[in-house]
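S.K.: Residues per chain, in single letters:
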Amino acid sequence: MKKGLLLGLIVVIAVIGFMMMRGEKAPEAPVVEEPVAEGEVIRIGVYLPLTGQMAMGGQLELDGIKMAQVEMPEVLGRKVELFVVDNKSDKVESANAVKRLIEKEQVVAVIGTYGSSLAMAGGEVAESAGIPMVGTSCTNPLVTQGKKYIFRVCFIDPLQGAGAATYANKVLGAKKAALLIDVANDYSVGLAGFFEKSFLKLGGEIVSKLNYNSGDQDFTAQLTEIISKSPDILFVPSYFAEGAIIMKQAQELGVTFQIMGGDAMDNPQIVEIGGDAVEGFVHTTFPYDPSMKDMNPVAQKFTDNWKKNRTDDPNVNAALGYESYMILLDAITRAGNTDPEAVTAALAATKDFAGVTGLTTINASHDAEKPIGIVEIKEGKKLYIATIAPEL
Amino acid sequence: MSLAMFVQHLFNALTLGSLYALIAIGYTMVYGILRLINFAHGEIFMMGAYFVFWGVTLFHLPWPIAVIGAILVTSMAGIMVDRVAYKPLRNAPRISALISSIGVSFFLQNFAIVVFSAIPRAVQRPDWLVKVIVIDKIRILPLTLVFPVLSFILMMGLLYVVYRTKPGLGMRAISKDIETSRLMGVPVNRIIAITFGMGSALAAASGIMWALRYPQLQPVMGVIPGFKAFIAAVFGGIGSIQGAVIGGLVLGFIEIMIVAFLPTLAGYRDAFAFVLLIIILLIMPTGLMGEKLEDKV
Chain A
50 MKKGLLLGLI
60 VVIAVIGFMM
70 MRGEKAPEAP
80 VVEEPVAEGE
90 VIRIGVYLPL
100 TGQMAMGGQL
110 ELDGIKMAQV
120 EMPEVLGRKV
130 ELFVVDNKSD
140 KVESANAVKR
150 LIEKEQVVAV
160 IGTYGSSLAM
170 AGGEVAESAG
180 IPMVGTSCTN
190 PLVTQGKKYI
200 FRVCFIDPLQ
210 GAGAATYANK
220 VLGAKKAALL
230 IDVANDYSVG
240 LAGFFEKSFL
250 KLGGEIVSKL
260 NYNSGDQDFT
270 AQLTEIISKS
280 PDILFVPSYF
290 AEGAIIMKQA
300 QELGVTFQIM
310 GGDAMDNPQI
320 VEIGGDAVEG
330 FVHTTFPYDP
340 SMKDMNPVAQ
350 KFTDNWKKNR
360 TDDPNVNAAL
370 GYESYMILLD
380 AITRAGNTDP
390 EAVTAALAAT
400 KDFAGVTGLT
410 TINASHDAEK
420 PIGIVEIKEG
430 KKLYIATIAP
440 EL
Chain B
1129 MSLAMFVQHL
1139 FNALTLGSLY
1149 ALIAIGYTMV
1159 YGILRLINFA
1169 HGEIFMMGAY
1179 FVFWGVTLFH
1189 LPWPIAVIGA
1199 ILVTSMAGIM
1209 VDRVAYKPLR
1219 NAPRISALIS
1229 SIGVSFFLQN
1239 FAIVVFSAIP
1249 RAVQRPDWLV
1259 KVIVIDKIRI
1269 LPLTLVFPVL
1279 SFILMMGLLY
1289 VVYRTKPGLG
1299 MRAISKDIET
1309 SRLMGVPVNR
1319 IIAITFGMGS
1329 ALAAASGIMW
1339 ALRYPQLQPV
1349 MGVIPGFKAF
1359 IAAVFGGIGS
1369 IQGAVIGGLV
1379 LGFIEIMIVA
1389 FLPTLAGYRD
1399 AFAFVLLIII
1409 LLIMPTGLMG
1419 EKLEDKV
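In order, the protein sequence lines correspond to chains A and B. Going from the first sequence to the working numbering is simple: count from 1 and add 49. Going from the second sequence to the working numbering is simple: count from 1 and add 1128.
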């Protein structure tokens, strides 16, 4: 009997080994390269969701960060080394990842992460260790609120919610809105709240506000209820994978009203999963998309460089990954050394940094102030249709 | 609530409920015979869905062949899981096999993340299954009508195998007492392998149906449905095949109707469903159709 077990295990391990050797897209394992003498390299930690529910966004941000490192491999005459840890789209893993980066890898700064709830969990650890952290696309205000060492290169949800509400009300002329919210997700609850506040302020009405839980796949009951209230617009602040399934079910139930979402919908995969059900879908995002007209020179260079090495289009997550690395290195340059306190002070003083998403200034609450981009899915393609200043 | 809307909710509930029932049948069958709660069921379910996706997109197989192929491959995988993870523990306390099944569940999930990658995949569905039928204001997918029929057919087929065939006789004997069955000449290991093969085939079938309804593949897609189906199986009386079907349908109806009648509580629908479940189990500890517990003499 023991022999059978052993044989079985060998077969299983051999199969895995074979699969991995064939170069299937294996998720990035924590990168541990050969140790280099202290003081020579600058150690920067990266924690992102490379597996799990938010993997697509995390992978793209990592690609952006790596591209930035290729373009700018040195700062202060010293080589930069990245230490990448997967936070598995999980809050507990996020905290562990940051702890590991700081304690084991001895990094001087941390970049990450996609997902506000993940950034909050990781941020707590960085804050108490006194290591500066630069968030990529975590938009919930709580991520940096009251924190000394936590920054981000994206705008925050009050602004985004107001942007979405302004677009819905002023441009689309929507008077009645419905909301479908993931109650187990900080980002979703936050963004929905800010949308509601701004939409009411603009004179609109919320006719229905329904919840679901992360991991749910059946939304027919909620959608049937929402249809009965006949809103002009449905705002779904979810991640793209759920968003695509929600829109599929909405199409099957005969929904005719406009559906809108937030920056977490900004992913090339949404069209592939959603098919014709996502046609006409509109979402807010950061002011960068390869389809936008009048790109700034940095964005143009970023887009060209990306397309040089890859067949797919860059998206805003890759841009924000790229930007977070560049802004961090800019701060290290201005600080003149890698002392966490000096880097933190330099990050806080970032002003008019010319990046892919335009000029970035870090404000008093450690957020980057940016206008809101609007993207529409047209004929199976993402189309950047407008940049708007929200009415707060 | 208008009548049309209520009927729409009814159809939504029927769809969800019969999907739960489909998954629960496999869960309950393995338990009924081996007294093992196979927590890896949700992962077998996920693999079945992925195999069909591969068959259709990579090998360009026609749908029926891809489905049959995937079910066969998945049941082989199920038998292999039994050999590697459960067979060595046949004489160990029952809790060891349970823990082993949790291990298998995590292993298969991570295996899928490595091999299939964590990126969600789209599922191409045959057009005739998703062409919406519109009756007045009610909209029904042809799929919706397939699920309950399929659940019923599988239930009847399984009951036939268990009560009318020779391997079924062996299964029932094993469920009473493995050692005595062995002494009476029942090929225990072969019967158990058949049980796992059938259980995995059922998991694959339900995984494929799930992917047709919610057209997205992810390595973790089996976790929540597996969990819900386990609840449905317990609710119906674990070990009872008819109970699993009824349990699945009831759970689906509860979930949809809570949102339909109490929309503001939609976010707590799982909590409500489980509270109801606890109440029912307090009144009927063996579930709706469970066997009466009898002390062995």
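Quick caveat, the hints were computed from the structure, so don't treat them as lab data. For each residue, glycine too, the CB sits at the ideal point set by N, CA and C. Please note: incorrect hints may appear among the correct ones.
Said to hold, decoys possible - No farther apart than 30 Å at their CA atoms in a straight line, the calculated lysine-lysine pairs in the DSSO-like style are these:
{"hint": "1", "chain 1": "B", "residue 1": "Lys1294", "chain 2": "A", "residue 2": "Lys427"}
{"hint": "2", "chain 1": "A", "residue 1": "Lys427", "chain 2": "B", "residue 2": "Lys1215"}
{"hint": "3", "chain 1": "A", "residue 1": "Lys219", "chain 2": "A", "residue 2": "Lys250"}
{"hint": "4", "chain 1": "A", "residue 1": "Lys225", "chain 2": "B", "residue 2": "Lys1265"}
{"hint": "5", "chain 1": "A", "residue 1": "Lys278", "chain 2": "B", "residue 2": "Lys1215"}
{"hint": "6", "chain 1": "A", "residue 1": "Lys427", "chain 2": "A", "residue 2": "Lys400"}
{"hint": "7", "chain 1": "B", "residue 1": "Lys1265", "chain 2": "A", "residue 2": "Lys224"}
{"hint": "8", "chain 1": "A", "residue 1": "Lys225", "chain 2": "A", "residue 2": "Lys250"}
{"hint": "9", "chain 1": "B", "residue 1": "Lys1304", "chain 2": "A", "residue 2": "Lys278"}
{"hint": "10", "chain 1": "A", "residue 1": "Lys258", "chain 2": "B", "residue 2": "Lys1265"}
{"hint": "11", "chain 1": "A", "residue 1": "Lys430", "chain 2": "A", "residue 2": "Lys356"}
{"hint": "12", "chain 1": "B", "residue 1": "Lys1259", "chain 2": "A", "residue 2": "Lys430"}
{"hint": "13", "chain 1": "A", "residue 1": "Lys224", "chain 2": "A", "residue 2": "Lys153"}
Claimed, not checked - Partial chain B-side listing against chain A, Cβ under 10 Å, derived:
{"hint": "14", "residue": "Ser1224"}
{"hint": "15", "residue": "Val1251"}
{"hint": "16", "residue": "Thr1293"}
{"hint": "17", "residue": "Ser1303"}
{"hint": "18", "residue": "Gln1370"}
{"hint": "19", "residue": "Thr1414"}
Stated by the list, open to error - Sample of chain B residues lacking proximity to chain A, with all beta carbon distances greater than 12 Å (derived):
{"hint": "20", "residue": "Ala1132"}
{"hint": "21", "residue": "Met1133"}
{"hint": "22", "residue": "His1137"}
{"hint": "23", "residue": "Ala1141"}
{"hint": "24", "residue": "Ala1194"}
{"hint": "25", "residue": "Leu1226"}
{"hint": "26", "residue": "Ile1230"}
{"hint": "27", "residue": "Ile1247"}
{"hint": "28", "residue": "Val1262"}
{"hint": "29", "residue": "Arg1267"}
{"hint": "30", "residue": "Pro1295"}
{"hint": "31", "residue": "Trp1338"}
{"hint": "32", "residue": "Pro1343"}
{"hint": "33", "residue": "Ala1394"}
S.K.: Out of the numbered hints, which ones does the structure contradict?
M.R.: Of the numbered hints, 1, 2, 5, 6, 9, 13, 14, 16, 17, 18, 19, 20, 21, 22, 23, 27, 28, 29, 31, 32, 33 do not hold.
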